[in-house]
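Chemist: We have chain Z; now place chain C onto it with these hints.
In the order they appear, the protein sequences are chains Z and C. Sequential numbering of the first sequence, starting at 2, is according to my numbering. Sequential numbering of the second sequence, starting at 85, is according to my numbering.
The set of hints was computed from the structure by calculation and includes no laboratory data. Fair warning: this is a prediction, and the values are worked out from it, not measured in the lab. Beta carbons: idealized from backbone N, C-alpha and C, even for Gly. Please note that a few of the clues may not be correct.
As the list claims (entries may be wrong) - So the derived list for chain C, only partly shown, Cβ under 8 angstroms to chain Z, looks like this:
| # | residue |
| --- | --- |
| 1 | Phe170 |
| 2 | Ser200 |
| 3 | Ala203 |
| 4 | Asn205 |
| 5 | Glu208 |
| 6 | Arg209 |
| 7 | Gly211 |
| 8 | Gly221 |
| 9 | Ile227 |
| 10 | Glu228 |
To be verified - With a straight-line Cα cutoff of 27 angstroms, these simulated DSSO-like cross-link-like pairs (lysine-lysine) come out:
| # | chain 1 | residue 1 | chain 2 | residue 2 |
| --- | --- | --- | --- | --- |
| 11 | C | Lys236 | Z | Lys726 |
| 12 | C | Lys397 | Z | Lys726 |
| 13 | Z | Lys472 | Z | Lys456 |
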Amino acid sequence: MPKSLTIDPAEERKPAVLRAPEIPLNAYVSDPAAEAAAYSREQLVAIYQDMVLIREFETALDGFKKEGSYRGIRYTHAGPAHLSIGQEAAAVGQCVHLEPQDFILGSHRSHGEILAKGLSAIRQLDEDRLLTIMESAQGGAALRVVESLKDIEDIRSLASNWLVYGAYAEIFARKTGFNQGMGGSMHAFFPPFGIMPNNAIVGGSADIALGMALFKRINRRNGIVIANIGDSSAASGPVWEAMNFAAMDQYRTLWDADLGGAPPILFNFINNFYGMGGQPQGETLGFGSLARVGLGVNADAMHSERVDGYNPLAVADATRRKKGLLLKGRGPALLDVITYRYSGHSPSDASSYRARAEIALWRAHDSIRGFGEYLCANRYADEAQLHGLRESVSERIAEIVALAVDLGSSPRLDPAGAAIGAMMFSNETADALDDREPEVSQPLQESRLKVTAGKHRFGLDEDGALRPRLKTLTYAEAIFEAMLHRFYNDPTMIAFGEENRDWGGAFGAYRGLTEALPYHRLFNTPISEAAIAGVAVGYALASGRAVPELMYCDFMGRAGDEIFNQMAKWQAMSGNLLRMPLVLRVSVGMKYGAQHSQDWSSLVAHIPGLKVYFPATAFDAKGMLNRALRGTDPVVFFESQRLYNQPETLFSGGVPVEYYEVEEGEPYLHRPGSDISIVTIGATLYRALEAAERLEREHRVSAEVIDARFLNPLNYAPIIESVRKTGALLLASDASERGSFLHTMASNISQLAFDFLDGPVAVLGSRNWITPPAELDESFFPGADWMIDMIHQRLLPLPGYQPRSEQGAPDIIRRNRAGV
Amino acid sequence: MAQAIVLPKLGNTAESAIILAWHANVGDEVSAGDVLCEIETDKATLEVESSAGGVLLARLFEAGDDVPVLSQIAVVGRAGESVEEFQILPSPEPPHLETRRKAIRGKAVDSPIRISPRARNLAERKGIEYADLTGSGPGGRLIERDINAAIKEGVKITPVAQAMLDSGDFQLADPQPRSARVGKLDLVPADSGDEIEEIPLRGVRQTIARRLLASTQTTAQLTLNSSADARALRAFRERLKESDEALGLRAININDLLMFAVARTLPAFPNLNALFENDTIYQFSAAHLGMAVDTERGLLVPVIRKAQALSLKQLSAEARRLAAACRDGSVSPDELAGGTFTVSNLGALGIENFTPLLNPPQVAILGIGSIHLKPVAAGDGVEFRPHIGLSLTIDHQVVDGAPAVRFLAQLARHLAQIDLLAAI
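So here's chain Z without its partners, still in its complex pose (with noise of 0.2 angstroms):
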């Protein structure tokens, strides 16, 4: 909360009556004159011959999938396909006043959307610059193979049919598809054409276009962004946590006005009534009309409306005015473009739980039929042509989709996933993702820099005593400086969370930041974690650098989707087109019970696609985040609460005041020893070094001490070089034991270094119950004692010594069965 801003209780207690705006349902009136007046004859087939090309594009994926055949080719698709059957003209209409740079995501259902857009693209893009991206999609695979098609006119024409070919090549899995064939029916996309991401899950797509939306707006880009999102996702939380945060009002009053205002976002739900087998309007959800949804939002109710998807230039019309809001920075808009879908939800829904003569009524209200109809009597064409047309549009999808499934001229990707590996990171690095100036509020040497720069580097002084805390710099404080320094070096850098302005983050990592940077490079959001992370990926995608911030691990949870679905695959699924540079910092907490002390590293470890961080020292800290600023790969950065007013008092250098990087993967040996290696993620470093202190001191065992600081990507080189000296291993870290990253590296180091084990490795973790009160904190996170008597019931029983604590092997048969 800005100070600029005050809450005055006189005025928050007058009495008063909101009022909110009207909601038009199906405004829209067609008006012959003046639609021929808007459009030209050739634009009004165009329209007709899209629909027309999206609905056979379907019925052949339809005939594959049910009959294993399309008009004599036969192929048995093995992957997903929800077909958009009946909403064609909401896709169509949509693009009509669209332009290439307008980007539109979508659902599992948005075959007709890329179809439509990326043909509206093709109209619009000149010649050469068609060429060029059919050359470089896939080094020119797709075109080679769409060349060999008879009866091409012009590049146009052969774009168009590139088009279509992508797009089956990419459904059915193949390497000349828009994303190799990675994404698939539910994600394909392609960038060029103003084609963003598809998302496979329900509203997943919303926080992403708000990011996207954002990422244009604070880089002064052209364009509006559309995210095509189902009915029913009306009641999916991210999506409302997106809607809410394209409606801050901080884009209007706090923002340089010049950027011009909020983001150009469209929330255009694709209302085709059935969110599976329910119905939201009636059934599963209570807002009568969907369109209602914006009234809850913000004061212009999002200029939310009804829309007749079954009329394209109905929605052409809304699409082209809410475009001309956007744009003047008065978004966000919402659109219920009302639709529906003759085929079921996939080729194995029977529609049980709808009438046949529902969908019946529906096609009496068939678009493209309709739509031919009016272009007939208002004399643009006449029913031979327009049957003309129907017929060579559906020659064409067979010939295009011929070669589609043919593995000669389409093959699919090494079998053998070496490719797909290389695509789960780009292992880029990029000092700015633009080369323009950044924007700041103060030069660097201005910045709070100055303070933190003049600080001891170091936390001990020359006997070995601890340095005052507040002249010395802190873990805290090298964050800040590697944040200050990608913030003066790329301009698309942004940073947010939910207290990052003035508070400067729940634990102060920020502080200075403020002073530095204008708002829309700093900005607070609404507590909702999925939009936090979801704009992110958005923003990332975009191609921007982004900053998010969780204030606690914990709260991952509520953005699981967006880290573990989102964030993590969208490099690989868009078959390399897209770089994904985004620095989720997460903050392990501490002595605050349950839901706010977990270490949830192992969770994120699992998920494939994220590199994971875990600095425990001050200049780790900054030697690690200067590397995840400066990578084009998605980090989930882990910080622990126990660690940021911690000085640097491990390496004997301190904490440079120049930019440094920490080498990605890389462990760090701490303390050396001949007897035994113990090997930390995260604060327990500290513990473990005291174990072995106590090692020495008290029973001769000389303990090696490795920080891994890296879970993805990591090198076991060092650690099994450090076990074959030793032969025994420790493991420790925050996290709970069980299903902890602990024992995938306890797995695999018993894999590479078994012939030099003196006994098994060892795993030390947290309890497998809840974190009880800060008081109680020794019963659950593991202590150096714990580590000690682990290292005397398992591995090296040491003379005279009388454990603390249950730690040996039978205790983990008796842990397991009691389920704890």
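Modeler: Positioned in the frame of chain Z, the structure of chain C alone reads:
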């Protein structure tokens, strides 16, 4: 849930104990506090009680096994409950308890030897036979340090093989063994046809053997023989025997009187009431009197603490209690340690004088002989008076002859007027 019964830690020094006999069978109902088995340490015989109630599900060791303290020795729980988790190594065919027990011990021929990959590699590289080594890792696993110890020791013969050789029943099959380490498989029966019972040295006997050998090897022993007029002893003993039963003095015997006299004499001779260890002499003001007791298992020496401060009656009672405890095996390991001077009485067996062996680090031991008549000059003639034999062995390294002689003389004077001494 089934619970393990653990072999308790016995005193401060015992690291293992031998299970002498089981008092409960698998399947028996036991209550907490019931005696499960009898064990013997190097110093005493003790009983292990069940710490839980239920059915005895498994005995993890057999009578005769030498078991490290704090090991799990039995499992008590509900009938039918699995004892799987108490098996340190799952055996390939679990049902048979006997098989499992052997797997735990890791010593049965057909069960795997528990050794870490690292230790095995080292052993193979160095040509160390590890089958009969004792592991110091968790659950008795052989770990690197065990192999290193074996290498360092340069041991060529396994302990079992050594014991077999020591018995005389066996000899090396090949006088020049090719293996770096001789195991029992390298031995053949000795040529002699004698039937010899093979008794592995352990428990009390093992301790005695070690101590006595050490005694002769580490001390310079000198025995001084003398005797003391025993008339007062006898007379006083008679009076005690006939005293009012209510006084509780009737059980005081000659040995008690001797111990009493020694206890009261010793404080004036700190150079005899002393320990010699690490080139240091530790002299004691209190007399912690060791008392040799013959038992079925061998010689035991319980200690009467601060004997000089006890009344005759108290000392007698304590001596009786300790002797009984030694004989029934209930004496605690701590009661067998800490003596500063020892008295060994063979008088009842008719021995006049003998050479008692020192109990290091003590520097003196007094042997008591029988009471016999000794001619002494009385007036002009010779009178036969009863005398009791006294044999004092000293460690001549630190005790000179003269003080020893003075001690014997003073003791003799005290014995000659034992009734007065008791009155002090």
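Chemist: Taking the hints in turn, state whether each one holds.
Modeler: Do the hints match the structure? See the list:
The criterion of a C-beta within 8 angstroms of any C-beta in chain Z is met by C:Phe170, whose closest approach is roughly 7 angstroms, and the hint holds. Using the Cβ-Cβ criterion of 8 angstroms, the hint placing C:Ser200 at the interface with chain Z is satisfied: the shortest such distance is roughly 4 angstroms. Taking 8 angstroms as the C-beta cut-off, the interface hint given for C:Ala203 holds, the closest approach to chain Z being about 6 angstroms. Interface restraint check for C:Asn205: the shortest CB-CB distance to chain Z comes to about 6 angstroms, inside 8 angstroms, so the restraint holds.
Because the smallest distance between the Cβ of C:Glu208 and any Cβ of chain Z comes to about 11 angstroms, over 8 angstroms, the interface hint for this residue is violated. For C:Arg209, the interface hint is violated, the least distance from its beta-carbon to any beta-carbon of chain Z being 11 angstroms, above 8 angstroms. Among the interface hints, the one on C:Gly211 is violated; its C-beta lies about 18 angstroms from the nearest C-beta in chain Z, farther than the 8 angstroms criterion. Hint status for C:Gly221: holds, given a least beta-carbon distance of 6 angstroms to chain Z, under 8 angstroms.
Taken as an interface hint, C:Ile227 checks out: its beta carbon lies about 5 angstroms from the nearest beta carbon of chain Z, inside 8 angstroms. This hint holds: C:Glu228 has a C-beta 5 angstroms from the nearest C-beta of chain Z, less than the 8 angstroms allowed. Proposed proximity of C:Lys236 and Z:Lys726 is supported: the alpha carbons are some 20 angstroms apart, at most 27 angstroms. Only pairs whose Cα atoms come within 27 angstroms are accepted, and C:Lys397 paired with Z:Lys726 is rejected, the gap being roughly 66 angstroms.
For the proposed pair Z:Lys472 and Z:Lys456, the alpha carbon gap of about 5 angstroms is at most 27 angstroms, so the pair holds.
Consistency note: the structure conflicts with the earlier hints numbered 5, 6, 7, 12.
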